[in-house]
Structure formats: C-alpha cells, structure tokens
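Let the hints inform the model, and build the full structure from the sequences given.
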Amino acid sequence: MTQSELPREVQELIAQHITSVEQLEVLLLLREHADREWSASAVSEEIRTSERSAAARLADLRTRGFLTSREDAGVTLYRFDPLTDTLRRAVASLSQVYRERRYTIIDLIFSKPIDRLRVYADAFRIRKDDSDG
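Quick note on numbering: our numbering labels position 84 of the sequence shown as 87, and the sequence is numbered without any gaps.
Treat the hints with care, since some could be wrong.
Taking CB as the label site, the calculated pair distances span [unchecked claim]:
(1) 62 <-> 8: 14 to 22 Å
(2) 74 <-> 37: 15 to 23 Å
(3) 103 <-> 74: 35 to 43 Å
(4) 73 <-> 35: 19 to 27 Å
(5) 50 <-> 76: 18 to 26 Å
(6) 106 <-> 76: 34 to 42 Å
(7) 84 <-> 44: 15 to 23 Å
(8) 10 <-> 77: 38 to 46 Å
(9) 22 <-> 102: 27 to 35 Å
(10) 77 <-> 106: 36 to 44 Å
It is worth saying that the hints were derived from the structure and are not from the lab. Cβ coordinates follow ideal geometry from the N, Cα and C atoms, glycine included.
And the structure:
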C-alpha cells in the first residue's frame with residue numbers, strides 16, 4: 004500500500020494532526036487503553052521516552068481534541084476521548100492501517116517536515132531584484 008492508497012481519513016489525520024512517530028505512538032497507546040488515565044510519567048515508561056517529551060505530546064494531543072485531562076494531586080492525567088466521532092473513527096482507521104502498514108505510515112509522517120521546512124526555507128531565499136540589473 005502506497006501513501007496515496009491510504010484511506011483519505013488517515014491521510015488527513017496525519018496531515019492535520021500528527022507531527023511525529025512518537026506522538027502517534029502516544030495517541031495509539033491511549034486509544035488502546037481508553038479505559039485508563041495516563042500520566043506523562045506512565046506514558047514515558049511505556050513508550051520509552053523522556054517524561055518531558057511525553058508531557059508535551061500529551062498536552063498537544065489534548066489541545067488537538069484527542070484527549071481529555073484532569074488534575075489529581077498535582078499530576079495531570081489524560082484519557083483518550085476525542086471531541087468528535089469523526090476523530091474517533093479516523094484514529095481507529097489509523098490504528099488499523101498502522102498495524103498493517105507501519106512503514107507506510109512512518110514514511111508519510113517523515114515526509115511532512117521536509118515539505119514544511121522547504122516552505123520555511125523558501126521564505127528566506129534571496130531573490131534577485133528586477134531593478135538590480
């Protein structure tokens with residue numbers, strides 16, 4: 004399956020919301036255990052990343068509408084609870100495709116930053132002014 008053969012909802016979800024493989028792993032972990040609340044510490048242990056990075060990913064996913072959160076004794080706890088059924092279905096589809104075509108999904112995620120970086124770099128490209136000669 005090539006990137007263009009991925010379900011449209013998966014392509015759109017990745018394009019609009021997924022910025023890294025780590026973020027995807029956090030999202031899918033919480034989806035898989037939707038009945039559980041997760042702290043950044045617990046997520047970091049589960050996916051073997053730093054607690055700081057896990058906290059940033061969790062906060063971002065909450066901002067994007069995938070997770071809810073609450074405070075308990077000074078610790079923020081997160082749970083998979085998308086704002087819309089559309090997001091819930093898209094994540095379910097992404098989860099299925101990721102199990103079947105992990106490398107296609109990873110390739111799609113890694114192809115995004117280069118496009119954004121190219122646009123950013125182009126903004127600073129020095130162009131010859133027509134009046135110079």
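Here is how each hint holds up against the structure:
1. Roughly 33 Å separates the CB atoms of residue 62 and residue 8, a value that falls outside the hinted 14 to 22 Å.
2. One distance hint, 15 to 23 Å for the beta-carbon pair residue 74 and residue 37, holds here, with the actual separation near 20 Å.
3. Remark: the range hint 35 to 43 Å for residue 103 to residue 74 is upheld by a beta-carbon distance near 38 Å.
4. A beta carbon spacing of about 20 Å between residue 73 and residue 35 agrees with the range 19 to 27 Å that was offered as a hint.
5. For residue 50 paired with residue 76, a C-beta distance near 23 Å keeps the hint of 18 to 26 Å intact.
6. The hint said 34 to 42 Å for the Cβ distance between residue 106 and residue 76, and at roughly 41 Å that hint holds.
7. Hint check: residue 84 to residue 44, Cβ distance near 20 Å, so the stated range 15 to 23 Å holds.
8. At roughly 41 Å, the beta carbons of residue 10 and residue 77 sit within the given window of 38 to 46 Å.
9. The hint said 27 to 35 Å for the Cβ distance between residue 22 and residue 102, and at roughly 21 Å that hint is violated.
10. About 40 Å separates the C-beta atoms of residue 77 and residue 106, a value consistent with the hinted range of 36 to 44 Å.
In terms of the numbered hints stated before, the structure departs from hints 1 and 9, listed from lowest to highest.
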